[in-house]
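Trainee: Next come the chains, spelled out residue by residue.
There are 4 protein chains.
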Amino acid sequence: MSEHSFPVRVYYEDTDFSGNVYHAAYLKFFERGRTEWLREAGIHHSELAQQGIAFAVRAMDIQFDAAAHIDDLLVVKTAVASVKGARLMLTQHILRRETVLTRANVTVVAIKTSGGPARMPKGIVERFGGGSNAIPL
Amino acid sequence: MSEHSFPVRVYYEDTDFSGNVYHAAYLKFFERGRTEWLREAGIHHSELAQQGIAFAVRAMDIQFDAAAHIDDLLVVKTAVASVKGARLMLTQHILRRETVLTRANVTVVAIKTSGGPARMPKGIVERFGGGSNAIPL
Amino acid sequence: MSEHSFPVRVYYEDTDFSGNVYHAAYLKFFERGRTEWLREAGIHHSELAQQGIAFAVRAMDIQFDAAAHIDDLLVVKTAVASVKGARLMLTQHILRRETVLTRANVTVVAIKTSGGPARMPKGIVERFGGGSNAIPL
Amino acid sequence: MSEHSFPVRVYYEDTDFSGNVYHAAYLKFFERGRTEWLREAGIHHSELAQQGIAFAVRAMDIQFDAAAHIDDLLVVKTAVASVKGARLMLTQHILRRETVLTRANVTVVAIKTSGGPARMPKGIVERFGGGSNAIPL
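Residue numbers (our numbering), protein chains in the order written: chain A, 1027 to 1163; chain B, 1027 to 1163; chain C, 1027 to 1163; chain D, 1027 to 1163.
Don't take every hint at face value.
Just so you know, same-sequence chains aren't split out, so a pair can sit in one copy or run between any two.
In silico DSSO-like pairs for lysine-lysine, Cα to Cα no more than 27 Å straight-line [to be verified]:
id : residue 1 : residue 2
1  : Lys1054   : Lys1138
2  : Lys1054   : Lys1148
3  : Lys1103   : Lys1148
4  : Lys1103   : Lys1054
5  : Lys1138   : Lys1110
6  : Lys1110   : Lys1054
7  : Lys1138   : Lys1148
8  : Lys1148   : Lys1110
Read the hints as simulated data drawn from the structure, not as lab findings. Since this is a predicted model, take the numbers as computed values, not measurements.
Put together the whole structure using the sequences plus the hints.
Mentor: As structure tokens, this is what we get:
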């Protein structure tokens, strides 16, 4: 299984007065990448929400290696590192052409919107539970 | 009844690459001002949410007269223009010291989080339904 | 000249605890629409920034008619109402399929990133200065 | 030297449709905490910007242990772990009363707004360069 790629354009909203993309904006880009990767796998937040299920990020470690700027066209790459029980581990990169700007290891869990943990949706375990596809950092 | 004042500090997150505060950030400041004005009146979003009630902005007209910058200490002023049936009309200004930076007329309604309109919470009608306190623009 | 259309997907970042899209998020969508409309006209923020020029929203009036939700695919429609001297007046709508969710009249000016007003970039005046293309509200 | 504490209120803008605070919002809260900690030390972004200097986050590892909700009053705790050359290492926590919700180790560097790395501002090295004050995780 190959990694998933999703393009993201940088807009005014993503930048700050330093002239660079604001660091927390990369987390939004990563989240868009995860959502589009799930959508491609047939998993939709809107359907999960009707069952009272949502995702939550439990842990991230992020390296901000280089800055993105207004108008940049970026690519968010997403690959499954592992699915262990209730924990989905992903490796994500943001690139501008060949340059890796930001690298993250992300741990995602499922939660009940009424509070408390939920089981990882079956579709994720079935499709991605078999092994490792981490992008080598 | 006097207008309500609430201080807001400008952080990295509020600015964009032009060096000014991003225009949509003022809407966040206005919303913080409305929330704190309601809190002072004993009305809390967290309690309303438990009853399945939230607020929604139905209309805004905004004048962005002058720019705010990183580290600025702003004041959000909020006054009721009118409460008519389900519609709460507010006048809000954002100032840096004596200078008005942004002016807005805001129409707020109550909604059910399950969808559809809701009655304006009683506390708002009782406290603010009597007349007009608009800040003259 | 026809109006410009640009698709926008709703992500976690755009929603709030009411279950709807946060009202200020529509301003980001409108801004993305304006940026892509300008890009199509050959006008790029990154190039203007190198000349010390950026855009600022001077005024908006917005009607929030109906709510968008997580996973919704929206379309931002942008049309020039007029270009008068330093002021660009736009009419913008956000739709989900046939339904108009949000309508805005937006006044944009050019500014110097060093402070103070700037001339509207020539490309905008030349291409859009001739007349009116407002979407009828 | 003791850790720095700064209160943060949760508003609509910080939440998402899951009913919890959006994960990237905690990064904004951490950034506000760092800014206020610097302000107390007499270091202001607005003054650094005039010298063409800004801060950039180079790395973060974050544990999201528990969720915050609308109206919550949080506290951001910031302590210096070390200042080594151009790198400022901080430990930051977000708490709701006694409960730690989010924990982060943050590496901050100084950059030139014209591009490229800058020296860590002298005030930071002088005040915080001596040793370690990490909050034990």
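Trainee: Against this structure, judge whether each hint is valid.
Mentor: Evaluated hints:
In this homomeric assembly, Lys1054 and Lys1138 come within 27 Å of each other (Cα to Cα) both inside a single copy, at 21 Å, and across copies, at 25 Å. Taking the shortest Cα distances, Lys1054 and Lys1148 sit within 27 Å of each other inside one copy (25 Å), while across copies they are farther apart (33 Å). In this homomeric assembly, Lys1103 and Lys1148 come within 27 Å of each other (Cα to Cα) only inside a single copy, at 23 Å, whereas the closest approach across copies is 38 Å. Taking the shortest Cα distances, Lys1103 and Lys1054 sit within 27 Å of each other both inside one copy (13 Å) and across copies (24 Å).
For the identical chains of this complex, Lys1138 and Lys1110 are intra-copy neighbours only, at 19 Å inside a copy versus 38 Å across copies, given an alpha-carbon limit of 27 Å. Only within a single protomer do Lys1110 and Lys1054 lie at most 27 Å apart by alpha-carbon distance; the minimum there is 24 Å, versus 30 Å between protomers. In this assembly of identical chains, the alpha carbons of Lys1138 and Lys1148 lie at most 27 Å apart only when taken from the same copy (15 Å versus 31 Å across copies). In this assembly of identical chains, Lys1148 and Lys1110 lie within 27 Å of each other by CA distance solely inside one copy; the values are 12 Å within and 47 Å between copies.
Taken one by one, the earlier hints all hold for this structure without exception.
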